[in-house]
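Q: Same order as they appear, the protein sequences are chains A and B.
Those letters in the first sequence? Residues 1 to 507, per this note's numbering, in order.
Those letters in the second sequence? Residues 1 to 507, per this note's numbering, in order.
Just so you know, these hints were derived from the structure itself, not from any lab.
Possibly wrong hints are sitting among the right ones.
One copy or two, it doesn't matter: identical chains are merged, so the pair holds either way.
Derived DSSO-like pairs: lysine-lysine, alpha-carbon spacing no greater than 27 angstroms straight-line [stated by the list, open to error]: (1) K8 / K34; (2) K203 / K311; (3) K85 / K34; (4) K34 / K11; (5) K78 / K60; (6) K60 / K93; (7) K183 / K454; (8) K456 / K34; (9) K34 / K4; (10) K454 / K34; (11) K53 / K11; (12) K450 / K34; (13) K93 / K131; (14) K465 / K85.
Protein chains: 2
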Amino acid sequence: MNEKELMKELKEINLLQQTLGILDWDIQTGMPEKASEDRSEVNSYLYSLYFSKKIGPKIKEAIQYFSEHPNELSETGKIVFEKVKEDYELEYKVPEELMTALTAATSTAQVQWQQSRETKNFADFQEALTKNIELTKQLIPYWKKDEATDYDVLLNQYEPGMSVEILDRVFQQVKEGIMEIRKTLAEKGHEPDTSFLSRKMTKAQQKRFVTGVIEQLGYDFSRGRLDDTIHPFMIGINHNDARITTRWNEHDFKMAVFGVIHEAGHGMYEQDIDEKFAYTPIYQGTSMGIHESQSLFNEIIIGSNRSFWEKQYPFFQQCAEGTFDDISFTDFYRSLKQTQASLIRIEADSLTYPLHIIIRYEIEKMIFNEGVDVAQLPTIWNQKYEEYLGVRPSNDLEGILQDVHWSGASFGYFPSYALGYMYAAQLLHALEKELSIDEVLASDDYRPIKEWMKEKIHQYGASRKPTQLIQDATGEVLNPQYLIDYMKKIYFSVYQVAEFSSEKEGK
Amino acid sequence: MNEKELMKELKEINLLQQTLGILDWDIQTGMPEKASEDRSEVNSYLYSLYFSKKIGPKIKEAIQYFSEHPNELSETGKIVFEKVKEDYELEYKVPEELMTALTAATSTAQVQWQQSRETKNFADFQEALTKNIELTKQLIPYWKKDEATDYDVLLNQYEPGMSVEILDRVFQQVKEGIMEIRKTLAEKGHEPDTSFLSRKMTKAQQKRFVTGVIEQLGYDFSRGRLDDTIHPFMIGINHNDARITTRWNEHDFKMAVFGVIHEAGHGMYEQDIDEKFAYTPIYQGTSMGIHESQSLFNEIIIGSNRSFWEKQYPFFQQCAEGTFDDISFTDFYRSLKQTQASLIRIEADSLTYPLHIIIRYEIEKMIFNEGVDVAQLPTIWNQKYEEYLGVRPSNDLEGILQDVHWSGASFGYFPSYALGYMYAAQLLHALEKELSIDEVLASDDYRPIKEWMKEKIHQYGASRKPTQLIQDATGEVLNPQYLIDYMKKIYFSVYQVAEFSSEKEGK
Numbered sequence: 001m002n003e004k005e006l007m008k009e010l011k012e013i014n015l016l017q018q019t020l021g022i023l024d025w026d027i028q029t030g031m032p033e034k035a036s037e038d039r040s041e042v043n044s045y046l047y048s049l050y051f052s053k054k055i056g057p058k059i060k061e062a063i064q065y066f067s068e069h070p071n072e073l074s075e076t077g078k079i080v081f082e083k084v085k086e087d088y089e090l091e092y093k094v095p096e097e098l099m100t101a102l103t104a105a106t107s108t109a110q111v112q113w114q115q116s117r118e119t120k121n122f123a124d125f126q127e128a129l130t131k132n133i134e135l136t137k138q139l140i141p142y143w144k145k146d147e148a149t150d151y152d153v154l155l156n157q158y159e160p161g162m163s164v165e166i167l168d169r170v171f172q173q174v175k176e177g178i179m180e181i182r183k184t185l186a187e188k189g190h191e192p193d194t195s196f197l198s199r200k201m202t203k204a205q206q207k208r209f210v211t212g213v214i215e216q217l218g219y220d221f222s223r224g225r226l227d228d229t230i231h232p233f234m235i236g237i238n239h240n241d242a243r244i245t246t247r248w249n250e251h252d253f254k255m256a257v258f259g260v261i262h263e264a265g266h267g268m269y270e271q272d273i274d275e276k277f278a279y280t281p282i283y284q285g286t287s288m289g290i291h292e293s294q295s296l297f298n299e300i301i302i303g304s305n306r307s308f309w310e311k312q313y314p315f316f317q318q319c320a321e322g323t324f325d326d327i328s329f330t331d332f333y334r335s336l337k338q339t340q341a342s343l344i345r346i347e348a349d350s351l352t353y354p355l356h357i358i359i360r361y362e363i364e365k366m367i368f369n370e371g372v373d374v375a376q377l378p379t380i381w382n383q384k385y386e387e388y389l390g391v392r393p394s395n396d397l398e399g400i401l402q403d404v405h406w407s408g409a410s411f412g413y414f415p416s417y418a419l420g421y422m423y424a425a426q427l428l429h430a431l432e433k434e435l436s437i438d439e440v441l442a443s444d445d446y447r448p449i450k451e452w453m454k455e456k457i458h459q460y461g462a463s464r465k466p467t468q469l470i471q472d473a474t475g476e477v478l479n480p481q482y483l484i485d486y487m488k489k490i491y492f493s494v495y496q497v498a499e500f501s502s503e504k505e506g507k
Numbered sequence: 001m002n003e004k005e006l007m008k009e010l011k012e013i014n015l016l017q018q019t020l021g022i023l024d025w026d027i028q029t030g031m032p033e034k035a036s037e038d039r040s041e042v043n044s045y046l047y048s049l050y051f052s053k054k055i056g057p058k059i060k061e062a063i064q065y066f067s068e069h070p071n072e073l074s075e076t077g078k079i080v081f082e083k084v085k086e087d088y089e090l091e092y093k094v095p096e097e098l099m100t101a102l103t104a105a106t107s108t109a110q111v112q113w114q115q116s117r118e119t120k121n122f123a124d125f126q127e128a129l130t131k132n133i134e135l136t137k138q139l140i141p142y143w144k145k146d147e148a149t150d151y152d153v154l155l156n157q158y159e160p161g162m163s164v165e166i167l168d169r170v171f172q173q174v175k176e177g178i179m180e181i182r183k184t185l186a187e188k189g190h191e192p193d194t195s196f197l198s199r200k201m202t203k204a205q206q207k208r209f210v211t212g213v214i215e216q217l218g219y220d221f222s223r224g225r226l227d228d229t230i231h232p233f234m235i236g237i238n239h240n241d242a243r244i245t246t247r248w249n250e251h252d253f254k255m256a257v258f259g260v261i262h263e264a265g266h267g268m269y270e271q272d273i274d275e276k277f278a279y280t281p282i283y284q285g286t287s288m289g290i291h292e293s294q295s296l297f298n299e300i301i302i303g304s305n306r307s308f309w310e311k312q313y314p315f316f317q318q319c320a321e322g323t324f325d326d327i328s329f330t331d332f333y334r335s336l337k338q339t340q341a342s343l344i345r346i347e348a349d350s351l352t353y354p355l356h357i358i359i360r361y362e363i364e365k366m367i368f369n370e371g372v373d374v375a376q377l378p379t380i381w382n383q384k385y386e387e388y389l390g391v392r393p394s395n396d397l398e399g400i401l402q403d404v405h406w407s408g409a410s411f412g413y414f415p416s417y418a419l420g421y422m423y424a425a426q427l428l429h430a431l432e433k434e435l436s437i438d439e440v441l442a443s444d445d446y447r448p449i450k451e452w453m454k455e456k457i458h459q460y461g462a463s464r465k466p467t468q469l470i471q472d473a474t475g476e477v478l479n480p481q482y483l484i485d486y487m488k489k490i491y492f493s494v495y496q497v498a499e500f501s502s503e504k505e506g507k
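So that you can see chain A by itself, here it is in the shape it has in the complex (with noise of 0.2 angstroms):
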């Protein structure tokens, strides 16, 4: 065995995943409706190929020779090992039978899961529900390393490196944050006009508008592509090869534009990974908090800025060929920042979105850590969102029954969207150490901000963990005061809270 060796085989892996991963994007992009009986075909033949690679007698091999012979690797190898010998002990292990009991389960419940919201009533979800956590709750022996408690186990597949213990500490904070500004806003605060959201816009028009954002922001076309989905995401093939998707609605503008916006920040993440590491699988995204970070940054901390706005706004107004050029800059910038409690969180707005996250992180931990009784969660979820939110779902569909992760046995992975939020405003807070972002957002170059997350996060792709990437780029830990002041910043001035809003009032 020797480095060549092991790459030609991590090679034919990943060559295997792309390939897996143009087969998702078509599914989602629009694949023949009736083809998708013999596409599960397809797929289940070439997973198998991938997977039995992934844990097949090569790698097992390598790992072998490789963990008594470390210095025969080069650097580059050293640092794919690593990631090599993680990912096959976290999988060899675990008994084929099991897996294969819990895809049947997914596949149960996801087809439950879609019954259910039909009848609107968690009960017809409440049996396949049950089952995916019994069978998680038997994987976790497996999975675990270290972790203090079971949920963190889950915890870690998404985020390496994340805890209960450090979640409770970064939530509650979050939490209070988010309820003491909702309650100035209450007070103090000027609801913006948002009447005009609602005008028509053609998805030409809107498509428009926003390619010329993301090609300003630094997606690369040339390695990419935007097309129409249901569920809208990014897919990166390769870092020549980062699609993004998104869905459309001509009276709502909001949706694509923050979306695509969204979706951008992921695959520029991609294209900016470091070549060095093709075909390897360090060749991606580090985590699912990091990932969400960079795709938040673009939408919620660009896609928030005022300087960023009102450089846009005229090419908006182009764009929209007249239907806009009745309604004042400000009055169009306050619009995009309302905030409204809401009971379905792909809806929520960027200040109320994280208590979606954190009533979701509870339940979890409730199921994982507390042995909490399922039958009861419709009415836990119910009384938080009527505690943290002050508002209460008439139905489970409107509740418990709104999110797909837990049809596909996905626990642990809702945090990610918080840590993203909070990962964003920290990095934020250290690039504004060294520019000035609302300067940068007037400007016609916006290459400095892409260039430092480029330096800082995207090119290590998968060598280096968050909570590196985390000390590194900020010169701390997690640290989630810094959204608090952010939306503190963002809100107090948009609603024109007194002592907050008077330095930006006079643009």
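With chain A fixed as given, assemble chain B onto it according to the hints.
A: Frame of chain A; chain B shown alone:
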């Protein structure tokens, strides 16, 4: 070895083939420009998996076993096995180094062909073409079964059962027939007015019309899709996923309208293959010629039919939103069938098109059977264009460099286009014994035509040879007279040649 094992292996081969199909479709419909290098790695790897199974030990074992125990196969199993054996025998004997050399040579030739197109000089392509020819000549002995000449071997790869003997005869007849029609038109015909054909019709307007038309013809969008591309094609992933593509020109609606109708004919063929052949090498069109007969039946037989256009013209006018309101139906219809000698095959009209093919056929035959000097080919090409079409290329780009086929060593392919056209006219003649195509195309229900084609051609996939299909469907062997008669009927009517056009003028 049993049939189930063989079918399992064939299914895996087919699943890899489907994957290669999706990847190829993606390359041609908008893969990011800079993704091509990585993609060629993906393709090579998957192709090697595919090919090594196709001529691998399992298939070899199956061939040995079932050659001795044919009665252990089911009816369908027998049909499939024959095809597997045929493909295997064509491929396994070929020395790997010869195939590798050909792959390398065609790569070089494609680059040289592109370069020679820049200089418009055949001399820059001559060396690479010579190499492609030499290697193909070396391959012929490995492919040869009982064919009479070397060029017959090449013809058989695209059209089993076809021979120089047959083609010499039918092409002579077609050539004389077309030249006689052209003479009559020149002497007695009235040129249609085509000045309005370049009026602007937007892509959206064209798309609305043509998707409506092909749905009526029987193309099933729930098992297909229409995408943009540079070089239009149809790709049959499987019978539930037969995708078509087109390019658009807003000042030449004919390009996309006839192009999409053409590709839909290929798509309908693939969509109609009997499901019992799924995941086997029978699950595809039987030959290039039969495939082309289906696309040309749509494009030229239906697309030249006066009743068809009379029925569709109001819908066309409606889609064009007023652009053609001042054009009478008769003027419109006549404009579609103008004929004029041209230099470029893919721009040729339906009367002169076969002459372009016959020129290529005669030259390919000279190369493989008569040892012509490659350096002489441009001169021969230009002379033949002058002789058959009365036009002479002013440079090699307008002449011998126009087609991609020879750079890919696809010798023997060109005749399929003309065969398809002859088959289409012969199928029309047979169909008209059972139903009136004019009546069907004047009605709201085109299904009887597609049902006839499904019964006679489509359902069989590759389980029957072209010769058998044509014999069974039409009651006779290939007979080019139907094409000549058909051309006379259409062109004499459109050009108002007295004795033919009377009965139609009343409309």
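Q: Could you run down the list of hints and mark each one as holding or not?
A: Evaluation of the provided hints:
1. In this assembly of identical chains, K8 and K34 lie within 27 angstroms of each other by CA distance solely across copies; the values are 23 angstroms between and 37 angstroms within a copy.
2. Only within a single protomer do K203 and K311 lie at most 27 angstroms apart by alpha-carbon distance; the minimum there is 22 angstroms, versus 33 angstroms between protomers.
3. Taking identical chains as interchangeable, the C-alpha atoms of K85 and K34 are never at most 27 angstroms apart, the minima being 40 angstroms within one chain and 31 angstroms between chains.
4. Taking the shortest alpha-carbon separations for K34 and K11, only the inter-copy value of 19 angstroms comes in at or below 27 angstroms, while the best intra-copy value is 33 angstroms.
5. In this assembly of identical chains, the alpha carbons of K78 and K60 lie at most 27 angstroms apart only when taken from the same copy (16 angstroms versus 42 angstroms across copies).
6. Only within a single protomer do K60 and K93 lie at most 27 angstroms apart by alpha-carbon distance; the minimum there is 12 angstroms, versus 37 angstroms between protomers.
7. Taking CA atoms no more than 27 angstroms apart as the test, K183 paired with K454 passes in neither setting, with 38 angstroms inside one copy and 70 angstroms between copies.
8. For the homomeric pair K456 and K34, the shortest alpha-carbon distance between copies (25 angstroms) is at most 27 angstroms, but the shortest distance inside one copy (45 angstroms) is not.
9. Taking the shortest alpha-carbon separations for K34 and K4, only the inter-copy value of 26 angstroms comes in at or below 27 angstroms, while the best intra-copy value is 43 angstroms.
10. For a Cα distance limit of 27 angstroms, the shortest separation of K454 from K34 across copies, 19 angstroms, qualifies, whereas the shortest one inside one copy, 42 angstroms, does not.
11. Taking the shortest Cα distances, K53 and K11 sit within 27 angstroms of each other both inside one copy (11 angstroms) and across copies (20 angstroms).
12. In the homo-oligomer, the alpha carbons of K450 and K34 lie at most 27 angstroms apart only across protomers (20 angstroms), although the nearest pairing inside one protomer, at 42 angstroms, exceeds that limit.
13. Proximity of K93 and K131 under a CA criterion of 27 angstroms is satisfied intra-copy only: 21 angstroms inside one chain copy versus 54 angstroms between copies.
14. Only within a single protomer do K465 and K85 lie at most 27 angstroms apart by alpha-carbon distance; the minimum there is 15 angstroms, versus 54 angstroms between protomers.
Hint violations for this structure: numbers 3 and 7, all remaining hints satisfied.
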